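Chemist: Protein chains in written order, with the working numbering: chain A, 1 to 146; chain B, 1 to 330; chain C, 1 to 664; chain D, 1 to 266; chain E, 1 to 129.
Because the hints were derived from the structure by calculation, they are not lab data.
Note that the structure is predicted; figures quoted are calculated from it, not measured.
Be a bit skeptical, because a hint or two may be false.
Partial chain A-side listing against chain C, Cβ under 10 Å, derived [as the list claims (entries may be wrong)]: (1) Tyr8; (2) Arg9; (3) Tyr22; (4) Ala25; (5) Gly29; (6) Pro36; (7) Ala37; (8) Asn51; (9) Asp75; (10) Glu135.
We put the beta carbon where it would ideally sit given N, CA and C, even for glycine.
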Amino acid sequence: MSISKEPYRPLIVAFCCNWCSYAGADLAGNNRLAYPADVKIIRVPCSCRVNPTFILRAFQRGADGVILCGCHPGDCHYTSGNYYTRRRMALLFSMLDYLGIERERTRVEWVSAAEGAKFAATMNDFCETVASLGENKRLEDLRCKK
Amino acid sequence: MQEITRDTLISRAKELLASGEVDRVYGWKRGEFCYDVTPALFTDAESLEKDFEWGDFCGANLSKYLVEETRKSEGKILVFMKPCDTYSFNQLLTEHRFDREKVYVIGTPCAGMLDPKRIRDHAESFTSVVSDENGVTVSTLFDGDVKLDRSEVMPDRCLNCKSKKHVAYDELFGEDGGTIASGRFDEVEKIEKMTPDERFEFWRGELSRCIRCNACRDVCPACTCEKCVFDNPNSGVENKAAENSFEEQMFHIIRAFHVAGRCTDCGECSRVCPQQIPLHLLNRKFIKDIDGFYGEYQAGAEVGSRAPLVDYTTEDIEPSDAVKGGDENA
Amino acid sequence: MQRIGVFVCHCGTNIAGTVDVAAVSEALKNEPGVVYSTNYQYMCSQAGQDIIKNAIAEHGLTGIVVCSCSPRMHEATFRKTAAAAGLNSYMVEIANIREQCSWVHKDMKTGTEKAIILGKAAVAKVNLNAPLTPGESPVTKRALVIGGGIAGIQTALDIADAGFPVDIVETKPTIGGKMAQLDKTFPTLDCAACILTPKMVDVAQNDKIRIFSYSEVTDVKGFVGNFDVTIKRRARYVKEDVCTGCGACTEKCPQKKIPNEFNLGMDNRRAIYIPFAQAVPKVATIDLDHCNMLKNGKCGVCAKVCAAGAIDYNAKDEYIEEKYGAIVAATGFNPISMDKFDEFAYSQSKDVITSLEFERLTNAAGPTGGKLLRPSDGEHPRTIVFVQCVGSRCDSCAQKGKEYCSKICCMYTAKHAMLTRDKYPDTDVYVFYIDVRTPGKNFDEFYRRAVEEYGVHYIKGMVGKVSPEGGKLMVQASDLIDNKQLRIEADLVVLAAAIEPDRSARPLATMLTASMDTNDFFTEAHPKLRPVESPTAGVFLSGTCQGPKDIPETVAQAGAAASKVIGLLAKDKLMGNPCVAHSDENMCNGCSTCENVCPYGAITYEEKEFRMPDRTTRIRRVARVNEAVCQGCGCCTVACMSGAMNLKGFKNEQILAEVDAICR
Amino acid sequence: MKVSYYPGCTLRNKAKELDRCARECAQILGFELCEIENWQCCGGAYTSSTDEIATKLSSVRALKAAGELDRPLITVCSACHNVIKRTNLAMKEEEFAGKVNAYMAQDADFTTPYGGETEVYHYLEFLRDKIGFDSVKEKVKNPLTGRKIAAYYGCLLLRPSKAMAFDDPENPTVLEDFIRALGAEPVIYPARNECCGGYVVLEDKDSAKRKSATVSESAKGHGADSIVTACPLCRYNLMKSGSELPVVYFTELLAEALGAKEAENG
Amino acid sequence: MADNKKLKEDVLAISGVNVRKCMKCGKCSGTCPSYGEMEYHPHQFVSMVESGDIEKLMQSESIYKCLSCMACVERCPRGVEPGKLVEAIRLISIRRKDANRLTPDRISELLDEDMPQQALVTAFRKYTK
């Protein structure tokens with residue numbers, strides 16, 4: 001149990017597709033659009049590379065929120081990857097919700113390479129939402145916590 | 001109409017063996033107790049006569065065993081299938097898991113299996129069970145015979161039977177039925193209507209009982225991977241020790257996700273769970289969502305159908321909208 | 001166990017301003033596998049790269065992590081550095097501590113903490129990296145240029161000049177594009193046709209170039225070096241190889257009242273027509289929508305007068321399939337519709353025109369034979385008002401127009417104003433402007449000449465409303481310098497309509513899987529360093545489909561795109577992306593799930609014999625990935641239940657290691 | 001078909017014809033204007049300020065009343081229409097609606113909060129989109145053949161177009177189509193969407209006169225023999241503009257063409 | 001100065017206008033039907049609010065010359081909506097104590113036989129708080 005006096009900050013894992021959302025995150029950087037350092041980005045070639053296992057693993061290891069960003073439907077660099085992502089995550093998130101896990105901890109957002117501002121706004125909003133939920137207690141595996 | 005009995009099946013199996021049409025028979029065999037029935041392979045008439053079982057406890061879905069069995073030789077295998085088993089059979093064919101030519105399917109009728117756990121609720125220490133249209137008669141060690149209504153002792157999956165129709169067979173015994181509008185999603189809806197906290201507590205209660213015996217996986221006709229991720233140290237999810245609840249949730253979420261869109265809702269997972277965890281409620285949630293989001297889909301209804309997770313439309317529901325149902329009504 | 005080197009870049013103060021780089025390199029020293037960790041001012045500089053190279057040699061590094069700017073910026077640089085030092089390029093991972101850390105966080109403490117975590121994730125990943133070798137694929141030595149305007153023409157000529165065959169696909173019956181409609185060109189005022197039409201002839205005569213006019217691309221498959229393209233050749237009902245372009249049919253056709261799109265509807269053409277005299281190919285085309293013969297079988301005049309026998313009423317659309325190594329998008333632009341700007345009365349008066357219409361009105365081959373006459377009454381206009389920025393520079397919240405500057409309007413308006421004053425000195429010319437933007441060689445001088453030598457009235461202000469009153473146009477406008485509201489009785493109002501990408505660009509981008517910005521301009525691979533390439537390998541950009549630009553810029557970009565295409569086609573083999581899917585046949589179920597989701601058809605199946613532990617053999621169906629076709633999206637890896645399918649460079653284990661490192 | 005109707009105060013006094021004809025014609029055209037109970041004056045002008053709640057309450061109450069009957073709300077007067085439609089749009093913004101609903105919760109009969117759900121139509125818009133000018137044309141008994149009528153929109157029907165969503169703000173057509181349906185010839189002139197001077201007439205008669213004179217002269221210059229409008233204030237200003245052109249309400253024209261008066265008399 | 005800042009904040013808040021969006025094209029002033037009667041013109045409202053020069057606008061008759069015709073709002077290519085600024089400044093002005101433009105005792109002299117009620121209620125709404 002942490003006893004530090006610093007205000008609670010959530011741990012957010014963001015999976016970003018290389019072609020749109022990762023570039024969108026870079027654009028947010030280029031334009032110096034701030035968002036909380038709670039967000040840690042993992043680059044994947046396409047949102048469809050994200051296995052539900054990765055998301056569950058992040059939660060298991062103590063992430064408080066996981067967000068998945070990809071190209072807008074119809075704009076996938078690989079034509080159709082994000083359409084599969086959309087189905088997979090719709091079902092996965094619905095299942096997590098069914099298991100009583102706060103639905104606000106997971107999100108899919110379509111962010112194009114041109115949407116630096118959207119990326120920053122999305123991250124700000126997601127961080128705020130997750131922060132208001134507090135620590136992820138339902139999903140984390142206590143053994144993995146130091 | 002000819003009545004279908006154990007003998008009917010055995011004699012037909014013997015014919016097929018004798019003619020050389022098939023060289024093996026997959027069926028069920030009785031164990032120590034009447035309800036203790038397991039899948040079994042028969043290669044001759046003698047063992048069929050001796051051990052072959054057909055009745056209220058032949059719930060085991062035999063389709064999964066074909067994956068391994070068909071690879072063993074070029075010969076053909078006779079297999080008996082209840083309506084629900086044929087869906088799994090088709091699903092495996094869709095996934096190219098075995099060669100259809102190597103299997104001879106006899107469709108058998110099904111009035112619903114019986115659940116030994118439920119019988120025990122009404123009749124302790126039972127020794128034998130006889131059933132007919134009028135009901136179920138259970139003989140017990142100490143209380144004599146107990147008459148029960150069939151619906152009192154059927155497992156959930158049979159109470160909510162989705163289909164009496166055989167979607168695959170070479171030969172059919174008895175008359176074929178149709179699909180049934182069952183209330184199989186009622187329980188899912190009940191859970192959906194709970195508050196998130198109630199849902200979490202419900203599932204924590206259920207899943208914390210898991211001893212991670214893997215029976216659900218081992219029996220599942222959709223779980224036929226050459227190597228299961230849960231047995232693979234490189235998969236990142238391999239972990240057999242049951243040390244806390246989330247580990248179990250993770251296992252069950254991943255397992256349910258792996259069979260999402262492929263699960264035929266045969267209910268074997270819940271049947272074999274020694275801890276009586278209602279695992280079918282996870283699978284049915286996916287089925288319900290798939291039906292709701294992408295249109296009705298029954299895995300295994302036809303060979304070669306495109307599973308919802310390997311398909312898409314450009315207008316699919318967004319994940320954010322997908323979880324808007326079943327709101328927190330706390 | 002890897003021997004990993006960590007290199008933390010200051011990027012001047014770009015990173016070091018918000019991240020304690022020394023603390024980062026220090027902290028990462030203790031990560032598993034790390035044997036060396038340092039930081040430096042500019043890692044991408046020669047000196048910085050030398051530090052990496054030396055460390056690889058000195059410490060026997062098997063993997064490196066560079067904590068620096070985005071991998072989209074310098075991943076390739078550091079991969080080359082590693083390769084130069086004998087390390088496999090794919091043993092390099094970048095931790096993006098600039099764009100995704102120092103630039104978006106303000107506080108040194110949080111910035112440093114995050115940079116360390118990102119570094120740890122990269123180290124964790126490199127620990128599981130394996131050397132990768134790119135596969136090779138052949139290159140089809142033929143290029144496709146989509147769009148036959150000046151951009152497409154120049155690109156095609158340059159590619160053909162290097163000896164490679166090129167096909168141009170143009171939707172209109174002739175190549176030439178917008179430039180063919182222009183009168184003079186700024187800032188030199190040479191006539192557009194005089195410099196364009198020789199190039200069109202060059203294209204027609206070049207035996208390396210094929211023109212598919214009246215055609216469109218309907219399908220694109222494949223990948224860089226190996227595109228399979230389907231081109232629809234719309235039936236023009238005239239045999240292209242037989243028609244001599246004599247024009248007899250276009251004079252005899254009884255359908256006379258069809259708005260002539262080449263002159264923007266300011267005069268009429270026939271149902272069978274050649275868009276303009278110098279059209280290439282110079283063959284007639286029958287307009288299906290207006291031809292009586294095609295609609296109800298009653299006419300046939302053109303067939304009767306055609307001496308060459310070129311008319312074919314039974315022609316059908318044809319589809320041809322061709323292979324290409326490279327594709328250039330050159331789909332061009334159009335002026336936007338003036339529907340949402342009717343305060344300028346464009347729909348209410350014929351004498352309110354767009355600048356492109358003005359070009360036709362002053363063009364010797366235009367509807368007035370080059371005489372500047374009012375469309376309403378054919379009178380010579382005495383007062384002309386030009387309005388700039390109509391639909392350009394609009395804020396999105398105004399819900400009309402475009403947010404960007406259309407770039408060419410200031411200069412062409414100066415040209416129009418100057419030419420008008422030159423030819424008709426008795427004409428009063430007003431230009432309402434917000435800013436006059438003239439960056440470009442001899443551009444500002446040109447504009448000044450319009451003001452100083454030709455006496456064009458430039459007024460800083462905007463027109464609020466144009467009212468057609470008694471044959472005149474009452475222009476109500478502001479003069480911001482004099483702080484006055486003006487009312488000018490004009491004869492002609494010319495609107496500098498914003499330009500937008502051609503509508504065909506969006507579906508084309510989808511076919512090419514090339515990305516677009518919110519305005520439907522194609523996105524370049526890098527705005528500064530790779531301006532003529534799309535992020536999609538093998539797809540290049542030429543002309544205004546990438547953004548507004550004038551003719552000199554378009555031609556320069558067209559040549560640049562051509563040189564990139566030539567560079568690609570000159571290769572016999574292409575090194576592929578080694579980060580492709582790979583299936584472990586021991587775990588593969590052969591279930592075809594991966595095959596169903598693969599967008600490239602890169603996965604096939606084979607029956608394979610396996611030896612079992614009991615020495616028997618089993619035949620199983622297993623997946624095989626065609627590495628030349630696989631583009632590495634990884635969709636199959638998630639579809640695969642057993643985990644047999646994995647993605648090199650982004651293996652499950654690697655991503656999980658990153659997750660773990662971040663969540664540690 | 002029953003629709004809710006908000007007449008507005010001017011229609012009770014100086015603009016009785018506008019109201020009476022609207023009701024009569026509705027009957028002929030097959031819909032019934034059901035006047036909202038206890039409506040209050042809309043205030044005549046929409047205040048665009050973000051901090052004024054009270055000035056919008058009467059509109060919200062009218063909107064809510066129509067909404068509770070699940071009917072669209074129809075207005076005839078341009079000013080009322082402008083105020084009510086813009087208020088309705090503002091009520092779709094959560095923050096603003098929250099404030100207004102909190103205020104309204106003080107009302108004795110307040111039940112549920114209002115969020116901009118009611119559909120608002122101007123009478124003309126309703127004719128165009130719901131009845132259809134073709135149907136209007138079929139019902140015309142006395143076609144206004146030979147009349148050259150200038151449609152005058154003014155500001156309130158059209159602007160701001162984002163809120164009014166009524167017609168092209170720079171080149172509207174609804175009144176012209178209406179005039180055509182009645183058998184007359186519309187006169188298109190550029191000042192038809194210019195301001196008549198509006199409420200400024202109260203203080204500065206000259207200013208208003210200059211504005212309205214521009215309009216009537218433009219109409220006259222383009223050959224109109226009369227001007228049609230939907231707004232009592234526009235009509236007043238145009239009448240005072242010094243032009244002899246008659247100015248009539250659109251409902252009066254409609255009543256004339258449909259023969260509403262005769263129906264009444266006969 | 002502090003007062004100016006507060007005033008500017010109020011104007012921006014009440015109007016909901018973002019004056020920074022203005023690109024100084026002057027289309028509002030090219031549009032305005034009351035331009036000739038105004039001391040400060042629509043584009044000046046925007047730039048003067050931006051520079052905090054609001055007191056002058058409040059004192060000017062210009063705020064009573066705006067017809068609220070919304071033509072500037074309609075045509076502004078940047079969505080700045082100058083008409084809303086004028087309205088906000090007028091409101092701030094008349095909300096001050098005893099600053100009503102129109103008082104009931106003046107009504108009888110302003111009215112005539114034909115004037116519709118609408119003119120009166122609108123003027124009150126615009127001129128009086």
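Chemist: Would you check whether A:Ala25 satisfies its interface hint, that is, whether its CB is within less than 10 Å of any CB in chain C?
Modeler: This hint holds: A:Ala25 lies near chain C, its Cβ roughly 5 Å from the closest one there, short of 10 Å.
Chemist: Is the interface hint satisfied for A:Ala37? The criterion is a beta-carbon contact with chain C at less than 10 Å.
Modeler: 4 Å, holds
Chemist: Less than 10 Å between beta-carbons is the criterion; does A:Arg9 satisfy it with respect to chain C?
Modeler: 9 Å, holds
Chemist: Please check whether A:Tyr22 passes as an interface residue: C-beta within 10 Å of a C-beta belonging to chain C.
Modeler: Constraint on A:Tyr22 satisfied, holds at 7 Å.
Chemist: For the restraint on A:Asp75, tell me whether the closest CB of chain C is nearer than 10 Å.
Modeler: With a closest approach of 6 Å, the A:Asp75 hint holds.
Chemist: Go through the hint on A:Glu135 and say holds or violated, using the shortest Cβ distance to chain C against 10 Å.
Modeler: 13 Å, violated
Chemist: Closer than 10 Å between Cβ atoms is the bar; does A:Pro36 clear it against chain C? Give me holds or violated.
Modeler: 8 Å, holds
Chemist: Tell me if the interface restraint on A:Asn51 is satisfied: Cβ within less than 10 Å of some Cβ in chain C.
Modeler: 5 Å, holds
Chemist: Take the shortest C-beta to C-beta distance between A:Gly29 and chain C; is it under 10 Å?
Modeler: 3 Å, holds
Chemist: Answer holds if the nearest beta-carbon of chain C is closer than 10 Å to that of A:Tyr8; otherwise answer violated.
Modeler: 14 Å, violated
Of the hints listed earlier, those the structure fails to meet are numbers 1 and 10, in rising order.
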